[in-house]
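For the record, the sequence lines run as chains A and B. To convert, note that position 194 of the first sequence is 193 in numbering that gives the first Met the number 0; the numbers rise steadily by one, no gaps. To convert, note that position 105 of the second sequence is 104 in numbering that gives the first Met the number 0; the numbers rise steadily by one, no gaps.
Worth flagging that the hints you see were computed from the coordinates, not collected in a lab. Some hints here could point you the wrong way.
List time: in silico BS3-like cross-link candidates among lysine-lysine, alpha-carbon distance up to 25 Å [claimed, not checked]: (1) A:Lys-60 / A:Lys-217; (2) A:Lys-113 / A:Lys-34; (3) A:Lys-48 / A:Lys-60; (4) A:Lys-34 / A:Lys-112; (5) A:Lys-217 / A:Lys-45; (6) A:Lys-34 / B:Lys-24; (7) A:Lys-34 / B:Lys-27; (8) B:Lys-24 / A:Lys-60; (9) B:Lys-27 / B:Lys-72.
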Amino acid sequence: MAEDLVLDTAIRDWVLIPLSVVMVLIGILRYFVSKLMRSSPSPDAKIVKEGQVIIRARNLKAGANFIPLRSFRTRRLYFSNEENGLLHVPKGQGTNPQAQMFSDPNMAMDMMKKNLSMIIPQALTFAWVNFFFSGFVAAKIPFPLTQRFRSMLQNGIDLSTVDVSYVSSRSWYFLNLFGLRGLFSLILGDENAIDDTQRMMQMGGFGFDASKSLGAEKDGLDIIQHDWALPRFEQRAESVLRKLVK
Amino acid sequence: MGSSEKRSKDVMSDIPTFSGENLQKNLKVIQNSRTFLSIIAGVLAGIIGFTGLTGFVFYFVVMLITSVGLMAKAGFSADLYFDSWNRVLFDGFLGGLMSFVLFWTFAYDLVHIF
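In isolation and in its complexed conformation, chain A is listed as follows (with noise of 0.2 Å):
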């Protein structure tokens, strides 16, 4: 059964408490530098343009209810007609921003940049961990886990009867590094709470296409049935009102 190591005074002050702060500063001092970093690239007219009129386009799209029928369709039909409409791209002509992006040096430069500077001090500091603290029980969790979990965990730990719930330094830098997570949310703001993890499952696939999202939006107005949302809003303005003369 589970003997009871009792594990050295000192591995708890040089080896735990200083990982957790050196993981915490990395990830403020990212935050940071991430904030610094941030070249504005200089934007295309064209394409700032487009942007615009597919945030209108949207705006239609969210309050088509609040405005009256008649007022719903023309500005509908200000955005699809289908000579001068303004989301209407005439088949071939639109531009390919996917190959725009690659050819383009400036946001390149800043996916590189983004990448590096998570992945950089990731790395690092996973090496400094191996280097300097391997080969000893860093600490022990306290649930237990099957014995599959032990090559995982007890990385450079070679005895094969210790109990697999002490764990090596490698597990406690892995388990800090989701642990963090929450304590990032709460210090940094609540902007920049998404670390590593996250934002490398977001980093697949980010073309932006501009003249696919038009015709996406063109339908997407197109289909919207108008439902007047505010028919008795006479009645709704008087007894607001009341309430406040009262």
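With chain A's structure known, arrange chain B on it following the hints.
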């Protein structure tokens, strides 16, 4: 955690309308409170010395208490503040789990295996 929740749904008109910005702010409040409480629960569990399944049960108990607390703050009518009940009750359960485990391990080691 003491910020006031704003109404994000207007129930007086016939079709329910949501104010996106308020909805998001309310969700942020929920997320912050859950994260904070899961960290505190982790430290508590470590200090008290829960091991194994008891610790996870404790985590779920604390999450349930959070849900009840959030519901009470929303005046027990989640419809006014959120778009669905599930958000208030169950959102962020598992997100806090990793933080809980980290701080539980940390506190447990500091206190018991010293």
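Query raised in the report: So which hints don't hold here, by number, going up?
Result: The structure conflicts with no hint, since it agrees with every one listed earlier.
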